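2 protein chains.
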Amino acid sequence: MPNDFSHTRTTGRLADNREIIFFDRGPGEPRLIHDERDLPAVSTASQLRFDPLLDEWVTMASHRQERTHLPPTDECPLCPSRKGRRTEIPAAGYDVVVFENRFPSLATSAADPGAGSPLIPRRPGTGRCEVVCFTDDHDASFASLTPEAARLVIEAWADRTAALSAISGVEQIFCFENRGEEIGVTLSHPHGQIYAYPFVTPRTRAILTAAERHRERTGRSLFADVLAEERDDGVRVIGSSEHWTAFVPAAARWPVEVHLYPHRRVPDIPALTGAERDDLAHSYLDLLRRLDALYDRPLPYVAAWHQAPVHADRDLAYLHLQIFSIRRAADKLKYLAGSESGMGAFITDVLPEDVAQRLREVTP
Amino acid sequence: MPNDFSHTRTTGRLADNREIIFFDRGPGEPRLIHDERDLPAVSTASQLRFDPLLDEWVTMASHRQERTHLPPTDECPLCPSRKGRRTEIPAAGYDVVVFENRFPSLATSAADPGAGSPLIPRRPGTGRCEVVCFTDDHDASFASLTPEAARLVIEAWADRTAALSAISGVEQIFCFENRGEEIGVTLSHPHGQIYAYPFVTPRTRAILTAAERHRERTGRSLFADVLAEERDDGVRVIGSSEHWTAFVPAAARWPVEVHLYPHRRVPDIPALTGAERDDLAHSYLDLLRRLDALYDRPLPYVAAWHQAPVHADRDLAYLHLQIFSIRRAADKLKYLAGSESGMGAFITDVLPEDVAQRLREVTP
Numbered sequence: 001m002p003n004d005f006s007h008t009r010t011t012g013r014l015a016d017n018r019e020i021i022f023f024d025r026g027p028g029e030p031r032l033i034h035d036e037r038d039l040p041a042v043s044t045a046s047q048l049r050f051d052p053l054l055d056e057w058v059t060m061a062s063h064r065q066e067r068t069h070l071p072p073t074d075e076c077p078l079c080p081s082r083k084g085r086r087t088e089i090p091a092a093g094y095d096v097v098v099f100e101n102r103f104p105s106l107a108t109s110a111a112d113p114g115a116g117s118p119l120i121p122r123r124p125g126t127g128r129c130e131v132v133c134f135t136d137d138h139d140a141s142f143a144s145l146t147p148e149a150a151r152l153v154i155e156a157w158a159d160r161t162a163a164l165s166a167i168s169g170v171e172q173i174f175c176f177e178n179r180g181e182e183i184g185v186t187l188s189h190p191h192g193q194i195y196a197y198p199f200v201t202p203r204t205r206a207i208l209t210a211a212e213r214h215r216e217r218t219g220r221s222l223f224a225d226v227l228a229e230e231r232d233d234g235v236r237v238i239g240s241s242e243h244w245t246a247f248v249p250a251a252a253r254w255p256v257e258v259h260l261y262p263h264r265r266v267p268d269i270p271a272l273t274g275a276e277r278d279d280l281a282h283s284y285l286d287l288l289r290r291l292d293a294l295y296d297r298p299l300p301y302v303a304a305w306h307q308a309p310v311h312a313d314r315d316l317a318y319l320h321l322q323i324f325s326i327r328r329a330a331d332k333l334k335y336l337a338g339s340e341s342g343m344g345a346f347i348t349d350v351l352p353e354d355v356a357q358r359l360r361e362v363t364p
Numbered sequence: 001m002p003n004d005f006s007h008t009r010t011t012g013r014l015a016d017n018r019e020i021i022f023f024d025r026g027p028g029e030p031r032l033i034h035d036e037r038d039l040p041a042v043s044t045a046s047q048l049r050f051d052p053l054l055d056e057w058v059t060m061a062s063h064r065q066e067r068t069h070l071p072p073t074d075e076c077p078l079c080p081s082r083k084g085r086r087t088e089i090p091a092a093g094y095d096v097v098v099f100e101n102r103f104p105s106l107a108t109s110a111a112d113p114g115a116g117s118p119l120i121p122r123r124p125g126t127g128r129c130e131v132v133c134f135t136d137d138h139d140a141s142f143a144s145l146t147p148e149a150a151r152l153v154i155e156a157w158a159d160r161t162a163a164l165s166a167i168s169g170v171e172q173i174f175c176f177e178n179r180g181e182e183i184g185v186t187l188s189h190p191h192g193q194i195y196a197y198p199f200v201t202p203r204t205r206a207i208l209t210a211a212e213r214h215r216e217r218t219g220r221s222l223f224a225d226v227l228a229e230e231r232d233d234g235v236r237v238i239g240s241s242e243h244w245t246a247f248v249p250a251a252a253r254w255p256v257e258v259h260l261y262p263h264r265r266v267p268d269i270p271a272l273t274g275a276e277r278d279d280l281a282h283s284y285l286d287l288l289r290r291l292d293a294l295y296d297r298p299l300p301y302v303a304a305w306h307q308a309p310v311h312a313d314r315d316l317a318y319l320h321l322q323i324f325s326i327r328r329a330a331d332k333l334k335y336l337a338g339s340e341s342g343m344g345a346f347i348t349d350v351l352p353e354d355v356a357q358r359l360r361e362v363t364p
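If you read the protein sequences in the order shown, they are chains X and W. Here my numbering is used: position 259 in the first sequence is 259, and no number is missing along the way. Here my numbering is used: position 273 in the second sequence is 273, and no number is missing along the way.
Since the hints were derived computationally from the structure, they do not count as laboratory data. Keep in mind it's a predicted model, so treat the numbers as computed, not measured. Mixed in with the good hints there might be a few duds.
For chains that are exact copies, the list does not tell them apart, and a pair is met inside one copy or across any two.
Straight-line alpha carbon distances no greater than 25 angstroms define the calculated SDA-like cross-link-like pairs of lysine to any residue that follow [what the hints assert, rightly or not]:
(1) Lys332 with Phe5
(2) Lys332 with Asn101
(3) Lys332 with Thr146
(4) Lys332 with Cys76
(5) Lys83 with Leu227
(6) Lys83 with Thr209
(7) Lys83 with Gly12
(8) Lys332 with Glu353
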């Protein structure tokens with residue numbers, strides 16, 4: 001059975017009609033949701049433009065320039081509402097809550113920018129951007145959650161992946177967490193995001209092209225072959241449980257990079273069984289705590305869930321988590337400069353085997 | 001005639017046998033070069049590993065972790081040598097000088113890392129990395145050079161592109177400048193770099209794939225078609241001279257991004273005529289000065305020369321400069337986070353037409 005984790009789901013609308021979904025642990029009554037704020041309608045000028053050189057869509061969301069930028073803690077929009085201070089969350093407390101981003105890069109209501117030219121076409125930035133609050137504790141982090149709390153986040157990811165996949169025109173669901181001011185995170189309250197893209201993203205397309213070629217050549221799954229080789233070799237494995245294995249990929253691009261694969265090929269988070277989700281909560285927390293133990297401060301990271309596209313290649317893709325950091329030493333960051341950003345050629349100063357050893361040896 | 005700019009070229013060796021090449025304006029005697037320092041041999045542990053998911057080579061240069069990091073001005077290794085303080089440049093002054101990087105990501109002497117596995121092969125990080133000092137004035141910038149000084153840098157780029165293209169195993173030459181602490185530049189002395197890669201870089205490969213498809217479909221050059229469309233449209237053009245046009249591409253990924261194309265298709269910098277080089281010096285300086293005038297401080301940028309691969313697709317590629325910045329407002333930077341770094345899906349908050357208008361209107 002895919003899901004046996006008891007929780008209560010309540011959906012409602014914020015004052016400007018954005019959807020909000022509460023996920024509360026255990027059985028219970030749905031919440032009564034009432035946002036007392038007076039909010040202007042969300043602006044959604046997003047458009048996509050096709051880059052003919054790189055054969056990719058670029059999203060332009062010029063309305064986002066003025067989005068909230070590192071507000072003081074007592075103005076955090078992701079904390080529960082209190083009397084006299086109404087936040088994005090119209091509740092006195094919550095376990096996990098998801099809502100539509102007030103400054104979305106993609107939106108179902110995006111205006112039509114016109115067709116552009118045949119060489120450089122344009123289309124509306126149709127899609128959806130959601131915020132996932134992992135906990136109502138402003139000073140917590142994902143790594144500090146209990147396994148039960150982490151398990152509920154997984155439930156929310158599964159729920160949202162399924163729900164957003166049903167939106168017309170949506171082609172890929174991306175659950176991720178940007179963590180740390182070093183990578184430009186503008187709100188410190190522990191939260192992640194979910195993007196529903198109207199195209200298969202360039203990285204996913206590139207990976208699936210390689211996987212398709214591998215299948216044609218060998219009849220096998222590229223992802224399963226990589227996982228098997230890493231597990232056999234072992235030198236870059238960080239940890240392994242019944243259902244999941246975490247390893248530093250042999251050709252890691254980032255100074256810290258870990259991939260977390262389920263042992264069973266599934267296209268996306270909704271396809272994970274209850275047992276796989278339970279195990280994931282523990283495996284992911286162990287991984288995050290090791291990452292935070294690497295240096296004397298929380299590690300800035302991007303945690304990126306690679307899921308199958310909504311319609312294409314669902315039998316080819318293999319769900320996995322990629323988590324990576326730009327911190328290359330206690331006091332140094334890795335910057336993407338000419339070689340990486342100009343040529344797409346990654347150069348790293350850190351050997352994957354060394355990072356893996358350090359991540360195995362730290363006390364999480 | 002491809003080159004009629006009078007200068008004197010002197011080659012020599014630094015104390016640890018790295019090559020150094022002086023480019024001095026005007027006719028003259030070659031220099032006498034003698035590096036009095038006692039330097040240890042350069043360490044070159046670079047290796048390439050193949051990422052089977054993205055079908056790309058990743059360069060690993062673990063010996064670079066300890067490279068020089070923002071030294072005080074009076075210890076700048078790119079300033080001329082003085083009595084009692086020997087720098088990388090064994091001369092009391094210079095116009096333009098190029099030398100092999102002491103901490104190279106790629107080197108002709110790279111050790112063999114072993115073959116790896118069939119799925120994830122390895123090979124030596126063969127290639128070469130050079131540093132290009134644009135001027136001996138520590139406090140200058142490329143934008144502050146005279147046209148004659150800029151013209152000499154172009155001469156050096158052409159010389160080095162031709163010379164490095166002749167190295168066995170080298171497949172692409174990348175002349176670039178990383179500018180600004182915001183993108184991790186570790187030396188503030190005005191300088192650029194040249195990488196000689198042992199593979200065609202991922203971005204170049206993607207662009208040439210699109211160009212090949214376009215040629216098959218239309219019989220025309222994708223680059224020439226893009227340039228013609230931008231010149232016809234005009235709304236994103238920054239400036240145009242006899243031989244060059246600068247424009248913000250319609251699907252720009254970065255908050256500030258300008259492409260500078262010659263009107264004649266050439267594969268690389270060595271193929272530019274003297275007149276095209278003269279014009280480039282003026283056009284490029286005008287562009288850089290406009291970029292620095294956008295905000296009240298020097299703009300951090302990457303200036304990336306896209307040249308044809310050394311052996312492949314030389315009739316397909318079209319030399320152009322891509323210059324881009326992560327500064328998205330006077331006090332804000334664009335960070336690559338989940339969508340860009342995890343999915344390869346770029347989202348920008350700035351409309352290309354707005355940036356183009358501002359760049360046209362600023363006083364350089």
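For each hint, the structure was consulted:
1. Lys332 with Phe5: neither (41 angstroms within a copy, 42 angstroms between copies)
2. Lys332 with Asn101: between (32 angstroms within a copy, 20 angstroms between copies)
3. Lys332 with Thr146: Neither: 31 angstroms inside a chain and 35 angstroms across chains, both beyond 25 angstroms.
4. Lys332 with Cys76: between (29 angstroms within a copy, 20 angstroms between copies)
5. Lys83 with Leu227: neither (51 angstroms within a copy, 58 angstroms between copies)
6. Lys83 with Thr209: Classified as neither; 53 angstroms inside a copy, 59 angstroms across copies.
7. Lys83 with Gly12: So Lys83 and Gly12 pass the 25 angstroms test inside one copy only (20 angstroms; across, 75 angstroms).
8. Lys332 with Glu353: within (20 angstroms within a copy, 36 angstroms between copies)
Violated hints for the displayed structure, listed by number in ascending order: 1, 3, 5, 6.
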